[in-house]
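**Student:** These protein sequence lines map, in sequence, to chains F, Y and D. Be aware that the first sequence starts at 1, since it is given in the numbering used here, and climbs by one per residue. Be aware that the second sequence starts at 1001, since it is given in the numbering used here, and climbs by one per residue. Be aware that the third sequence starts at 2001, since it is given in the numbering used here, and climbs by one per residue.
If you're looking for bench data, these hints aren't it; they were derived computationally from the structure. Even glycine gets a Cβ: it sits at the ideal position worked out from N, Cα and C. Some hints here could point you the wrong way.
[Stated by the list, open to error] From the structure, some residues in chain F lie toward chain D, with a derived Cβ separation under 8 Å: (1) THR382; (2) LEU390; (3) SER414.
Listed here are the chains, written in short residue letters.
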Amino acid sequence: MSRSLTAALTAAVLLAAACGGGGAEAPRQSKTELSLYNDKGAWSKYFEDMGALSKQRIGLSVKPVGHTDSAQYQALIKASFRAGVKPDLFTWQTGGMLEEIVKQKQVADTTAIWQEAIKNGDLSQDLASYYTFGGKQYCVPLNVAYWGMFYNKKIFDKYGLQPPTTWDELVKIADTLKQNNVKAFYHTSVLFSFVWFEQLLAGSDPDLYDRLSTGKAKYTDPGVVQVMERWKSLIDAGYFINPGDKTDPGDVLKNGKAAMVSFGTWFNTSMTQRSMQAGTDYGFFVIPNVNPSLPKTSVVFESGPLCSLVKAPDPEAGMKFLKWWTTTEAQEKWSASRGDVSANPKVTIADQAIGQITKDAGSGKYRLVNRYFEATPPPILTAALDGFGLFVTKPGEYRKVLEDIQKAADDYWSTHQ
Amino acid sequence: MIRRAVLLVLGLVWLGPTYLLVVNAFRPANSYDASRAWAPSGDIAIFQNFALAIERADLGGSLASTLLYSVVSPALAVLIGALAGYTIVVLRLRGGFWWFMLIFGGTIFPTQMLLVPLFVTYSDAGLYDSRPGMILVYTAVSVPLAAFVLRNFFTGVAFSIFEAARMDGASTLRIFVRIYLPLAGSALAAVFILEFTFIWNDLLFGLALTQTSGVRPVMTQLAGLMTDVYAGTPVPVGLAAGLVVSLPTVALFLATQRLFARGLSLGSV
Amino acid sequence: MTLQLERAPGRAGGARRPRRAPLHGRLRPGYVAPAVLLVAALLYAPFLWTVYLSFTSYDGLAPPAFAGLRNFGELLEDPALLTSIRNTLIWVAGTMVLPVGLGLLVAVLSYDLPRGAWYRLPFMLPYALSGAGLAMVWSPILSHDGIANRLLGVDTAFLQEEPHNTLAMLLVWTWQQLGVNTLLFVVGLQSIPKEPIEAARLDGASGWSLFRHVIWPLMAPLTAVVVGLALVASLKTFDIVWVMTQGGPGRNSETLAVTMYRETFVASQYGYGSAVAVLLTVVAGLASYLYLRGQVRTA
Chain F
1 MSRSLTAALT AAVLLAAACG GGGAEAPRQS KTELSLYNDK GAWSKYFEDM
51 GALSKQRIGL SVKPVGHTDS AQYQALIKAS FRAGVKPDLF TWQTGGMLEE
101 IVKQKQVADT TAIWQEAIKN GDLSQDLASY YTFGGKQYCV PLNVAYWGMF
151 YNKKIFDKYG LQPPTTWDEL VKIADTLKQN NVKAFYHTSV LFSFVWFEQL
201 LAGSDPDLYD RLSTGKAKYT DPGVVQVMER WKSLIDAGYF INPGDKTDPG
251 DVLKNGKAAM VSFGTWFNTS MTQRSMQAGT DYGFFVIPNV NPSLPKTSVV
301 FESGPLCSLV KAPDPEAGMK FLKWWTTTEA QEKWSASRGD VSANPKVTIA
351 DQAIGQITKD AGSGKYRLVN RYFEATPPPI LTAALDGFGL FVTKPGEYRK
401 VLEDIQKAAD DYWSTHQ
Chain Y
1001 MIRRAVLLVL GLVWLGPTYL LVVNAFRPAN SYDASRAWAP SGDIAIFQNF
1051 ALAIERADLG GSLASTLLYS VVSPALAVLI GALAGYTIVV LRLRGGFWWF
1101 MLIFGGTIFP TQMLLVPLFV TYSDAGLYDS RPGMILVYTA VSVPLAAFVL
1151 RNFFTGVAFS IFEAARMDGA STLRIFVRIY LPLAGSALAA VFILEFTFIW
1201 NDLLFGLALT QTSGVRPVMT QLAGLMTDVY AGTPVPVGLA AGLVVSLPTV
1251 ALFLATQRLF ARGLSLGSV
Chain D
2001 MTLQLERAPG RAGGARRPRR APLHGRLRPG YVAPAVLLVA ALLYAPFLWT
2051 VYLSFTSYDG LAPPAFAGLR NFGELLEDPA LLTSIRNTLI WVAGTMVLPV
2101 GLGLLVAVLS YDLPRGAWYR LPFMLPYALS GAGLAMVWSP ILSHDGIANR
2151 LLGVDTAFLQ EEPHNTLAML LVWTWQQLGV NTLLFVVGLQ SIPKEPIEAA
2201 RLDGASGWSL FRHVIWPLMA PLTAVVVGLA LVASLKTFDI VWVMTQGGPG
2251 RNSETLAVTM YRETFVASQY GYGSAVAVLL TVVAGLASYL YLRGQVRTA
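Kindly produce the complete structure, drawing on both the sequences and the hints.
**Tutor:** Below, the structure written as structure tokens:
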């Protein structure tokens, strides 16, 4: 009897092996459906809609494979480099994360796509720098976003407030709100704990921001310490909601728990999904520089790549899709479906305030700084997110926080210069 | 009376958050306010909310696959685990404790660390993105609990039952199937329920080992809506999705209530 | 065939077992083979990779470089690990008191009531809810201006200050997990035969003394299951912390499993993270061995 049980089990394993679906496909075959691995599980519907259009246009449809935990997603993608199953297309992060996998010679070169797109005006030369390593381009932009302040227009109207043009005006608004028992700003101790650090530093000294992310400056430098002190004074003044509040920031803004929430332009999706109207229920403004003598206003910029592998199952199909992705036709749909901005300057954006920042950014009005999340190498970022999370709950400990982050930075830069 | 009172009070405390879940899942998607979460809205928007959720997550083939995994794997695991427990306890397998520790050891590994090597192995063995592969991994994960519960359950069963059956000339396997399995009805059911729920709600293996929507479990398709910061999903939509997909589990709880009524597993066999 | 189910009565039971009956010895290992093979192939084998990585320096991309015991050396010097260990111990102790202790209470109070299963239903329902839903349900309760603060008339940052955050999450965990333990305890209680209880009742035992001296020893085998599972699960506490606080703020609510995950996948320090995983596994293995070995003697 035991033998038959074991036999049954073996049979099950063999059966399983025989039925192995997508996994067992031989490489280098020509494909009509591309798997698109991503850590944006909620975007599946948007990816599918794009796939429907691409099927019509270039005969390639898309199968989104959504993940929910970025860290685990990245580990699995890295593992696929040495496994039999590889994604046709996958989303990633710019900055150190992309550089790391480019160095491993895993990512397909997209220089030709970029050159043509820049010539056509579908992509900008400025954007290329985030995708360039050793003179060549890799991946194409999945999305771009500019960071600024979303504000509750009804609250602003109630107290006769206008979007600020200087830092002092912003602080004055916060003060007016405080006198009326309204919290001005949202912040959080989880994940997006870096937002205010990034904004204050970029608005005070963008060069220091860049040097910090490349290990040429220290977190304990006076300029960085001053930023933390300013941040602390804003918290001490009572302008922020409680950082441990787990309410969705979309609801925070909608219900007026805080009058202002700083996020990337993609936060627009949260607003529209809550039936909020741009211009009447909420608005968006560029956060003024802390240091008024800077020549340009610093705007935090984020761009996520869509990549293909050198050893993709069907490299030609992958390239064909990436090329199509950058076109105006594809980008019009992609941007409209999510109510967000596009990497393609030719795309017109329905939302006025967000359309304006895109246009201004394209014309060189702002000093764009790469988002802290992408600009900072992962081990330092991990320490920094923890540090800022601690800081927002215990602002008094800012020196210790900076020392801890610098310790992780020292460890990292000692082996990665 | 005191017993009933204590149970009722505790039960009401437990229902508090459940009430929050239900009330807010019924609320229209755009009228959620955390500071007034207690107050019922009087609307019945749960269907619209759930429709919004599935509109953005392809659940088509997922439901059938998930049901397959969460029924077949626990059923296999319960049988395999019970047989192991029976062999160790009743048949007095030599070194039984060590065999047991070996099987139980499967539960002590941190699951998150198994995913990357499992992904690599599965993709090289052609098990990636296949239903048999998912059944296999879910069965393996479920076996230790089944073995543990049944092993301990059988230690409480008098050995004289086994001896009597042997006297009648029954084979060891026959005794297992005809006497010990029926005796362990409530234990088998409890293990099945726990493992069904675990697999039904699993995200880890589903995310790591599948890609096609017909093979991926339901939770992997829905979780993005509830956890993704870029999604901006309104809370009622997330809760409605969570509530509706947990209905099969609740139905299973209700359907098996009777098995856990006092005395059913006792007396004559 | 009609059989009276007799129980080996509690503590003394094991000793009175008859000697080995002559069985088909040849077949016996075969019966455990499916269980052992499945567990070995799908759980042990992948874990060996982690064990190997714990002796290397690895970022998930470039080939792992052998690093000897360096990762384990770093473990000893990492101050964050102490917090992790402390929190993990709180989780283990808390789990024994709350989900296990309360689970036992609910089981004992309800198991022989008419319609007892209905009294237990409120405790089972939360178990049906998935992890992601858990955070959504509890955030309006635990947030700063949330329901808990208003009910208690206090102003506590439940998810920020240590050790409040670990304790708050422990309560959420209790809410979700109580039903599992109750269910297993009920199975244990149900498997007790009526005869010894009735005999003890005739001798005048009731209430606490009946429970303490008759019922409790008889349900020992399933109690061992609940405690054994809770011990391992609480040492491995991960999901709820990851969903509610991600181990923060400032790493103050991290458990060993969260530290492991953070180092391996978030910071891409696979070697160090694997060393934490190995430490965790050794601790969990040793704890369950010591507990179960003792339990086998008494049950």
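**Student:** Run every hint past the structure and note whether it holds.
**Tutor:** Taking the hints in turn, this is what the structure says about them:
no.	hint	in the structure
1	THR382	holds, 4 Å
2	LEU390	holds, 2 Å
3	SER414	violated, 14 Å
Checked against the numbered hints above, the structure violates only hint 3.
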